[in-house]
Amino acid sequence: STVTTLCAFAPMIFWPGIMGEFMMYLPITLIITLSCSLFVALTINPALCEVFMKVTKRKSKQPLFRKLLDRYESALRFALRHRAMTIGSSFAILLLTVILYGLFGKGVEFFPDVEPSQVLVEVTAPTGTRLEESNRIVKEIEEEIPQFEPDISSYVANVGTEGGDFSFGGGGSSPHKSWVTIEFVDRLDRQHSSEKTLREIRHEVEHIPGARIEVKKPDVGPPTGPPINVEISGDDFKTLGELSSKIRREIKNIPGLVDLKDDFDQGRPELKVRIDRKKAAIYGLNTSKIASTIRTAIYGTEASEYRVSEDEYDITVRLKEHARNRLDVLNNITIFEEGTQIPLISLATFEFEGGFTAIKRKDLKRVVTISGNVEGRLANEVLKDVQVKIAEFGFPSGYSVEYTGENEEQKESQEFLSKAFMVAIFLIFLVLVYEFNSTAIPFVILVSVILS
1 STVTTLCAFA PMIFWPGIMG EFMMYLPITL IITLSCSLFV ALTINPALCE
51 VFMKVTKRKS KQPLFRKLLD RYESALRFAL RHRAMTIGSS FAILLLTVIL
101 YGLFGKGVEF FPDVEPSQVL VEVTAPTGTR LEESNRIVKE IEEEIPQFEP
151 DISSYVANVG TEGGDFSFGG GGSSPHKSWV TIEFVDRLDR QHSSEKTLRE
201 IRHEVEHIPG ARIEVKKPDV GPPTGPPINV EISGDDFKTL GELSSKIRRE
251 IKNIPGLVDL KDDFDQGRPE LKVRIDRKKA AIYGLNTSKI ASTIRTAIYG
301 TEASEYRVSE DEYDITVRLK EHARNRLDVL NNITIFEEGT QIPLISLATF
351 EFEGGFTAIK RKDLKRVVTI SGNVEGRLAN EVLKDVQVKI AEFGFPSGYS
401 VEYTGENEEQ KESQEFLSKA FMVAIFLIFL VLVYEFNSTA IPFVILVSVI
451 LS
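All the letters of the sequence shown, read from the start, carry residue numbers 1 to 452 under our numbering.
Hint data in this document are derived by calculation from the structure and do not stem from the laboratory. Beta carbons: idealized from backbone N, C-alpha and C, even for Gly. One thing to keep in mind: the hints can contain errors.
Each computed SDA-like pair below joins lysine to any residue, with the alpha-carbon atoms no more than 25 Å apart [claimed, not checked]:
no.	residue 1	residue 2
1	K261	V401
2	K365	K196
3	K261	P343
4	K279	L344
5	K261	T86
6	K278	T334
7	K217	Q147
8	K384	Y101
9	K238	K139
10	K252	G107
11	K139	K261
12	K272	D314
13	K216	Q147
14	K139	G160
15	K196	L120
16	K106	S245
17	K252	G405
18	K320	P343
19	K389	L378
20	K278	E302
21	K216	P146
22	K389	S245
23	K419	P442
24	K289	D314
25	K289	A323
Okay, the calculated beta carbon distance ranges per label pair [stated by the list, open to error]:
no.	residue 1	residue 2	range
26	R136	E353	25 to 31 Å
27	R295	R130	52 to 58 Å
28	F65	H203	54 to 60 Å
29	T33	A440	29 to 35 Å
30	R361	I282	41 to 47 Å
31	E142	E337	41 to 47 Å
32	I282	D363	44 to 50 Å
33	G376	I99	41 to 47 Å
Could you put together the complete structure from these sequences and hints?
Here you go:
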């Protein structure tokens, strides 16, 4: 009995991927525990029984058990007299169960949602947003929190930091990113469920202008990625951004889909200076000299030092603040070369362009990822609706879509568990054949196990 149980769980040790790293401790713990139990049963328990237990013959005084045994015996005799009907009925009930599950089943999820003890409000403003603006947005979020105070014990706001997923340490400096961690009171002390409070917080803060605001809860189980994770790949990153925007508009109204976003970041507008190298060469200038002059005008150059007693202060020369933000002033900057003042406008032109903050690749292909969370429905159901919408969407040649995240991990796990089940059945069959010295009896036992 112990060995067959070990055979059932042993294949799970080889579970691949992140899910395997998370689940492998279950079979290892079970195998060690049962092995120790078997050792105690074979070596220590017999000696203890010899010392402490005495066998006495007495008549059974359990009439209820005797009645149940009689009923079971008569039912067993009936089944043995009508074998074909019994076996046929068993398989018919099994088939009916499968059909009923297909019609009314709620689907499958590896790690069901539980009420969170805290939530994270993640704020992402456009790249280049000043810290003061990020702070203003976070203050608006903080103003909405007091209405939920009976169920909230505390909250922590961090402005201008990246990361912070349910930790109070913060991450690297990013003025356009902020987050608020909200801690709930103990479950028994809450007036409302934390799920309901989370939905209400999301409703109150998601329309605050100036940033993308996402309200999320801690992930339960291994880090498998978002429930909805759509990867669009292709050659041109700008085209990927446009496709991502169109797809998000198509799927945003799907019931149960919340916190929809993508990782396409256009960055802030850039003012590019295009230098006419031929004209610059006529005046004996190079790009380094021109770039240095522009940098001095905007960021400044340390020209000298100012000393007061023992303290030294840098003297930085640059344009006044209002002039640094005016294109006509930048056009009229002059470059000094061998006593000659050369206007920048005669050597270069200014152009506004958008630059990308980051370009992500996967398997050497440029990728933009659309992700979202699920609320009130199973992730599989929402994903099917997303796939139907995207299937109607026409992609240009050379661009493709792939569904990853939790869905990908779940598919891999289901494939492995199917194989592990077959291996476990085979190992148990070998143990039973060795034990009973027969193939018929193990077959009957395994059929009953599968039916159960």
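Could you check the structure against the hints above and give me the numbers of any it violates, in ascending order?
-> Of the numbered hints given earlier, those the structure breaks are 2, 3, 5, 9, 12, 16, 20, 27, 31, 33, listed in rising order.
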